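Peer 1: Residues per chain are reported as follows:
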Amino acid sequence: EAGVTQFPSHSVIEKGQTVTLRCDPISGHDNLYWYRRVMGKEIKFLLHFVKESKQDESGMPNNRFLAERTGGTYSTLKVQPAELEDSGVYFCASSQFRDENNEQFFGPGTRLTVL
Amino acid sequence: GNSVTQMEGPVTLSEEAFLTINCTYTATGYPSLFWYVQYPGEGLQLLLKATKADDKGSNKGFEATYRKETTSFHLEKGSVQVSDSAVYFCALMPHAGKSTFGDGTTLTVKP
Numbered sequence: 001e002a003g004v005t006q007f008p009s010h011s012v013i014e015k016g017q018t019v020t021l022r023c024d025p026i027s028g029h030d031n032l033y034w035y036r037r038v039m040g041k042e043i044k045f046l047l048h049f050v051k052e053s054k055q056d057e058s059g060m061p062n063n064r065f066l067a068e069r070t071g072g073t074y075s076t077l078k079v080q081p082a083e084l085e086d087s088g089v090y091f092c093a094s095s096q097f098r099d100e101n102n103e104q105f106f107g108p109g110t111r112l113t114v115l
Numbered sequence: 116g117n118s119v120t121q122m123e124g125p126v127t128l129s130e131e132a133f134l135t136i137n138c139t140y141t142a143t144g145y146p147s148l149f150w151y152v153q154y155p156g157e158g159l160q161l162l163l164k165a166t167k168a169d170d171k172g173s174n175k176g177f178e179a180t181y182r183k184e185t186t187s188f189h190l191e192k193g194s195v196q197v198s199d200s201a202v203y204f205c206a207l208m209p210h211a212g213k214s215t216f217g218d219g220t221t222l223t224v225k226p
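For the protein sequence lines, the chains are A and B, in the order given. 1 is the number of the first residue of the first sequence in our numbering; add one for each residue after it. 116 is the number of the first residue of the second sequence in our numbering; add one for each residue after it.
Bear in mind the hints are in silico, worked out from the structure with no lab data behind them. Quantities reported herein were computed from a predicted structural model and do not represent experimental measurements.
Only pairs whose alpha carbons sit at most 20 Å apart, straight line, appear in this in silico EDC-like list of lysine to aspartate or glutamate:
| no. | chain 1 | residue 1 | chain 2 | residue 2 |
| --- | --- | --- | --- | --- |
| 1 | A | 41 | B | 157 |
| 2 | A | 54 | A | 68 |
| 3 | A | 44 | B | 157 |
Derived DEER-like restraints, expressed as beta-carbon distance ranges:
| no. | chain 1 | residue 1 | chain 2 | residue 2 | range |
| --- | --- | --- | --- | --- | --- |
| 4 | B | 137 | A | 62 | 31 to 39 Å |
| 5 | A | 50 | B | 129 | 42 to 50 Å |
| 6 | B | 130 | A | 14 | 37 to 45 Å |
Glycine is no exception: its CB is placed at the ideal position from the N, C-alpha and C atoms.
Model the full assembly from the supplied sequences, consistent with the hints where possible.
Peer 2: As structure tokens, then:
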């Protein structure tokens, strides 16, 4: 079974540009989460989809970030325009809807560098 | 809200030394507790987990016990190897919700 995949693995852009990150969850997982780790600090929650609906987007830092999950399969996270402080590693995770152990499976992450 | 406090790093040990990385948490309800590991150049991998009080999670020689009375989930390994060098994250996850992570502890094991 394929795990969570993310694309690209690394992105380097200039301040003011736009970047779109993609996450493909494990097939059949209704829950999809985005997290990020900035400046070597803790991994922080960004948002949570259940299928195509945003269940919780309380962690989204500002309106420069837009997440979508059309059709309830893969998800994209767009940053527009990117700022220096957006640099970090963006992780995606997925889990089954009714997993009592709530284990989330993480992707390898996308390392974003904004110059 | 929920929070996780992890032992500050970095931690440097010699091969075969004993490892403890402290983790304490505050949470409402009864979350599951996890340790994740990130090896150099790789993504997050689940190392071990415990879903209720007094459960012990174990994997690859690592252990952690869910202590409700001390709200702790300390990670231990009796004899570390160079290949254990990585960043370790303690995390708590309530049922079907967002995870809360600690800051991560960087472990370097020297031969």
